[in-house]
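Once you have looked at the hints, place chain B on chain A.
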Amino acid sequence: MKTAQAGTLESMDCVVTVTEREKGAGTVVSVTGSSSVRFKTAIREKTGEVLTALGERDLSVDIQDNGAIDLVLAARVEAAVKRLRGGAVS
Amino acid sequence: MRRTMLYLPGNSPGMLLRGHLFGSDGLVLDLEDAVALSEKENARVLVSRFLERGEFGNCEVTVRINAVDSRYWRDDLAAVVPWPALSGIRAPKVEGPDTVKILDEELSSIEEKHGIPVGRTRIFCLLESAKGIWNAYGTAAASPRVTAILPGGEDLAADLRTSRSAEGTELEWARRMLVLPPARRAWTRWTPFSRG
Chain A
316 MKTAQAGTLE SMDCVVTVTE REKGAGTVVS VTGSSSVRFK TAIREKTGEV LTALGERDLS
376 VDIQDNGAID LVLAARVEAA VKRLRGGAVS
Chain B
90 MRRTMLYLPG NSPGMLLRGH LFGSDGLVLD LEDAVALSEK ENARVLVSRF LERGEFGNCE
150 VTVRINAVDS RYWRDDLAAV VPWPALSGIR APKVEGPDTV KILDEELSSI EEKHGIPVGR
210 TRIFCLLESA KGIWNAYGTA AASPRVTAIL PGGEDLAADL RTSRSAEGTE LEWARRMLVL
270 PPARRAWTRW TPFSRG
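Going down the list, the sequences are from chains A and B. Heads up, the first sequence is in the working numbering, so the first residue is 316 and it goes up one at a time. Heads up, the second sequence is in the working numbering, so the first residue is 90 and it goes up one at a time.
Only chain A is shown next, with the shape it has when bound in the complex (with noise of 0.2 angstroms):
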């Protein structure tokens, strides 16, 4: 299965690692990280947001979260999907 990885652990950052699952899987997205506690739910549901747009499904997703806001989150879980993909990041 492959993986990628994109953020940094500084503040207000937050590190996404993408795996690929078997075909039928579903996605599966985990949190940790200083804001998990409060804002675990929001997260998700900006993680799921972006993956949809992206047409992605059957992934799993690790955030590490260290206070990103969700532009922040969404520009990282869009970078690792297209560094999973090889496609060009643009």
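Everything labelled a hint here was simulated from the structure, so no lab data went into it. Ideal Cβ placement from N, Cα and C applies to all residues, glycine included. Errors might be hidden in some of the hints.
Okay, derived cross-link-like pairs now, DSS-like style, lysine-lysine, Cα gap no bigger than 30 angstroms in a straight line [stated by the list, open to error]: (1) Lys355/A x Lys202/B; (2) Lys129/B x Lys361/A; (3) Lys129/B x Lys220/B; (4) Lys361/A x Lys202/B; (5) Lys129/B x Lys317/A.
Okay, the calculated beta carbon distance ranges per label pair [stated by the list, open to error]: (6) Arg253/B x Leu324/A: 30 to 40 angstroms; (7) Asp114/B x Ser345/A: 35 to 45 angstroms; (8) Gly341/A x Pro206/B: 38 to 48 angstroms.
Derived, one-sided and incomplete: chain B residues facing chain A with beta-carbon distance under 7 angstroms [unchecked claim]: (9) Pro102; (10) Gly103; (11) Asn131; (12) Val134; (13) Leu135; (14) Arg160; (15) Arg209.
Using the frame of chain A, we list chain B on its own:
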């Protein structure tokens, strides 16, 4: 007015979020030297999302793209040009009018594709070599998009085979060349460093 410009590394959300709070006239979101090769693509996505939805206060926002001799510059332009928050691009290592024409053509193509008025995106040229300084007039006159020509510091000093001093005398002549009448005539509205 363009008295001060704050460069912000394109892959640093913390700096991109807070940059406008420091009161500079302009912000430069940097995809070039401030971003490691392995992070170019991640930075491009991040800067694109910031231009789409970020806050910049009253700062003029430009993006320093990678040089036209790199493999990144076309993707850089495609990611940043569509967003209205962008005022212009900073092109590094401009050596003469040919570089400007290449950029002009690519910018027009992207603007047409996105329904943006052709010519909206300005070009700020960074002249970082002796050749770039020598060709300043042709560079300034190469396209109406050219809003500023800026002499480099470190790279220009290296190309001149000199080193930086506290007084900056080594770059004095190069800087004076940019305000000679030929360069001024290339601009319709001129300020010490740029036109409006």
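Structure-based check of each hint:
Taking the CA atoms of Lys355/A and Lys202/B, the gap is about 38 angstroms. The hint is violated against a cut of 30 angstroms. For the hint pairing Lys129/B with Lys361/A, the CA-to-CA distance comes to about 24 angstroms; that is within 30 angstroms, so the pair holds. For the given pair, Lys129/B sits about 28 angstroms from Lys220/B by alpha-carbon distance, which is consistent with the 30 angstroms threshold. For the suggested pair Lys361/A and Lys202/B, the alpha carbons sit about 28 angstroms apart, so the restraint of at most 30 angstroms is met.
At roughly 21 angstroms between alpha-carbon atoms, Lys129/B and Lys317/A fall within 30 angstroms of each other, so this suggested pair holds. At about 34 angstroms, the CB distance of Arg253/B to Leu324/A agrees with the hint of 30 to 40 angstroms. Checked against the given bound of 35 to 45 angstroms, the beta carbons of Asp114/B and Ser345/A, roughly 44 angstroms apart, stay inside it. The supplied range of 38 to 48 angstroms is met by Gly341/A and Pro206/B, whose beta-carbon atoms lie about 45 angstroms from each other.
Because the closest C-beta pair between Pro102/B and chain A is about 4 angstroms apart, less than 7 angstroms, the hint holds. Checking Gly103/B against chain A: minimum C-beta separation of about 4 angstroms stays under 7 angstroms; hint holds. Proximity of Asn131/B to chain A holds as hinted, the smallest CB-CB distance being about 4 angstroms (cut-off 7 angstroms). Of the supplied interface hints, the one on Val134/B holds, with its beta-carbon coming within about 4 angstroms of a beta-carbon of chain A, less than 7 angstroms.
A distance limit of 7 angstroms between C-beta atoms decides the matter here; for Leu135/B the minimum to chain A is near 4 angstroms, and the interface restraint holds. Because the beta carbon of Arg160/B sits about 10 angstroms from the nearest beta carbon in chain A, more than 7 angstroms, this interface hint is broken. Here the hint on Arg209/B is broken, as its CB sits about 20 angstroms from the closest CB of chain A, past 7 angstroms.
The structure does not agree with the numbered hints 1, 14, 15 stated previously, though it agrees with the rest.
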